[in-house]
Amino acid sequence: MFEGKGAWLLNGGISRRIALTMIASLLAIQAQAFLQLKLFSTPALHLIGTRQFESAAVYVYNELFAAPISARAQLLKALERRFSLKLEFDRERPREVSLLDSSQASHLAQDFRARLGIAPGGLIVSQLERPAPFPVPNLQAEISPTPSPGEPSAPGNTEPDTLVSPNLRIAAQGPDGTWLSISPVVFDERSYLQGPYVPLLVGGIIIALFSVGTARSIVKPLDRLVLAAARIGRSREFVPVSSEGLHEFSAVARAFEDMQERLLRFIDDRTQMLGAISHDLRSCLTRLRVTAESRGDATAQKILIREIDEMSAMLESTLAFARGEAHRSPSQSVDVAALLISLVDDAIDAGVDAYYSGPNHAEIRAVPISLKRAFRNLIDNAVKYGGVARVSLDMDEAMVRIVISDDGPGIAPERIDEALMPFRRLDNARSGTIPGAGLGLTIARDVILSHGGGVSLRNVLPTGLRVEVNLPSICGDRREQY
Amino acid sequence: MNRSPQILLVDDDPIIRSGVTRFLSDNGLQVTAVTDGPSLREQLASVQIDLVLLDLMLVGEDGLSLLRFIRTQGDTPVIILTAMAEESDRVVGLELGADDYVCKPFSLRELLARMRVALRRRSSSQSSTGGHLFYFDAWTFDTRARNLISPRWGHVELTTGEFSLLYAFVEHPNRVLTRDQLLDLARGRSSFLVDRAIDVQVMRLRRKIEPDPKSPRLIKTVRNGGYLFTPVVTRRGAGAQHV
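Sequence order for the protein chains is A and B.
Counting in the working numbering, the first sequence runs from 1 upward without gaps.
Counting in the working numbering, the second sequence runs from 1001 upward without gaps.
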């Protein structure tokens, strides 16, 4: 809720953010109160003019006593609602409770007797001593009632009207002897109940929403920071850490990026050095090899050449690692099944145990040279440490899954992560005296990760290591393009 | 080849020069070793050279520009000596018209085998149409980049043996080739194709290029004869301009 172009206002800092939140919620509550008043107001106070009350009372009296007894209860309810009156039938003559000497009451009593034609004993006008729920402002205030059509009004009276006291009660005896008491309903209890709770609830919800929004917007960059930090070091790419949002976080993000830059520069320096050394070493090796092959006795030649080949292989893998070549060459569509079959056939021709099972063709997008190196490393490892390389391939619409398993001692579960690190040779049962630079798995993993795939290592029973490689298949790739 | 082939080696490393010279001389080749561009030009002008071994990393004028120069002079076969790391150089070298490459540190035996192939191809290509790109049945076979491209599966990897065998097939389409002929043709191209019977190689190659390897359409078996490569082969490529 704080994203977007106007977010600059909120990018200041936590203190500014909180202050703005409070102001915003205050404004929101005010707006809500205003809307409540404007749209849903039910006036709590019914101020009735004496003249209007009188007319209403006369009308109600006539209507009720004209109606049959069976219909009176229903009619009574309807009239109560229509005129905001409190109406009650009573068989007994109501007790006169603290009749006050009120000019309004006696004036009304006279009027009623005249208009209803009731005997003096049949009408009681009383002003009950009941505390008003709130002070009624200026009972003498002039009002001009606007009776709706069909509503009786007192014609011809030009005297200034006065407000009816909320404590007024008129009890009039009807022609059938039943008493009807009429009093104005000044205070609407329904609106009293609705009134204060609804704004409170809505206000609470508004504040809650703002608070959650603020908390989220504060925590969100932190989440991004955590995600970015988790990615640093997984690949050799620079991971941009988002620096949007609060300046406290921007500082952290900048620190992260600086740290990354230093790390990458450090790695770059080292790989460059590695490359330079490897290059020089290769020149030496070439000289050695040429010399060994062109002279000397056959036995010495054989040993020398084998050692030189081993060193060359180590150098080549070091260089490949230093170059990170997977990031350079353009990818093309490659038949990964044919690639694996070729590697397995090469291994068979070299006299080792290797098998392939799976389809003859499987197209993916890849850099052929890099992919070949990765799988050659994995197969070489299986042969070197496990005596056999069983390669299998299966594919579905999204993934091509390649499994390379061997019969070797496997890798201790707690050292599997370590096995993927560069120059890490797990000097235990698995390696023994097997030569190598300790880069095979690292390069394989680098290449496969750069192809958008994944590698996982797992020990299998009774003995052996199972390397599973997942690569996105070309179908998935095409779906992404369109 | 009546006289022993005349080889020109260009490398600035004295130990490599002497080692290679010694090995090649022992194997019946005439070798002249030089260190740089000027002496290469001098040699090319004065002596009939059958093949140039060219190191790409030279002091002074580099190997690629020397290669360009050699190509302006004629179609003398050139094998470039290069380091694995300089892959782009290798590609550029092949594009500039080098016949082959070996990677440092190279095996002298392998170098010799490749030289023999280059020499033989050059002598036989006097009559052939030349070119390094072969097209058959929608496949593209680039013998220079050692690349086989399928319209359906993309880059299809070949082992060295399969490569040599396919090379033999595309150069002799629609001709029954006996196992001995195939072995001879393929072996000349690679020192690796040795013990494996030709039948195994053919089976492997069918698995790569046949839509249905069980009922082969491209490589047919001829009873008591050998194998027949059936598709129409078109040959194109830069190699043709030198012929």
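Hints in this document: simulated from the structure, not taken from any laboratory.
Be aware that one or more of the hints could be misleading.
[Claimed, not checked] Derived list of chain B stretches under chain A, where covered just means 3 residues or more per stretch with a C-beta under 8 Å from a C-beta of chain A:
(1) 1069-1075
(2) 1103-1114
(3) 1141-1154
Because the structure is a prediction, the values reported are computed rather than measured.
Where is the CB? At the ideal position from N, CA and C, for every residue including glycine.
The segment 1103-1114 of chain B covered by chain A? Criterion: 3 or more residues, Cβ-Cβ distance below 8 Å. holds (count 6)
Report holds or violated for chain A covering the segment 1141-1154 of chain B, Cβ cut-off 8 Å, minimum 3 residues. It holds, with 4 qualifying residues against the three required.
Report holds or violated for chain A covering the segment 1069-1075 of chain B, Cβ cut-off 8 Å, minimum 3 residues. violated (count 0)
Figure legend: structure checked against the earlier numbered hints; the only hint not met is number 1.
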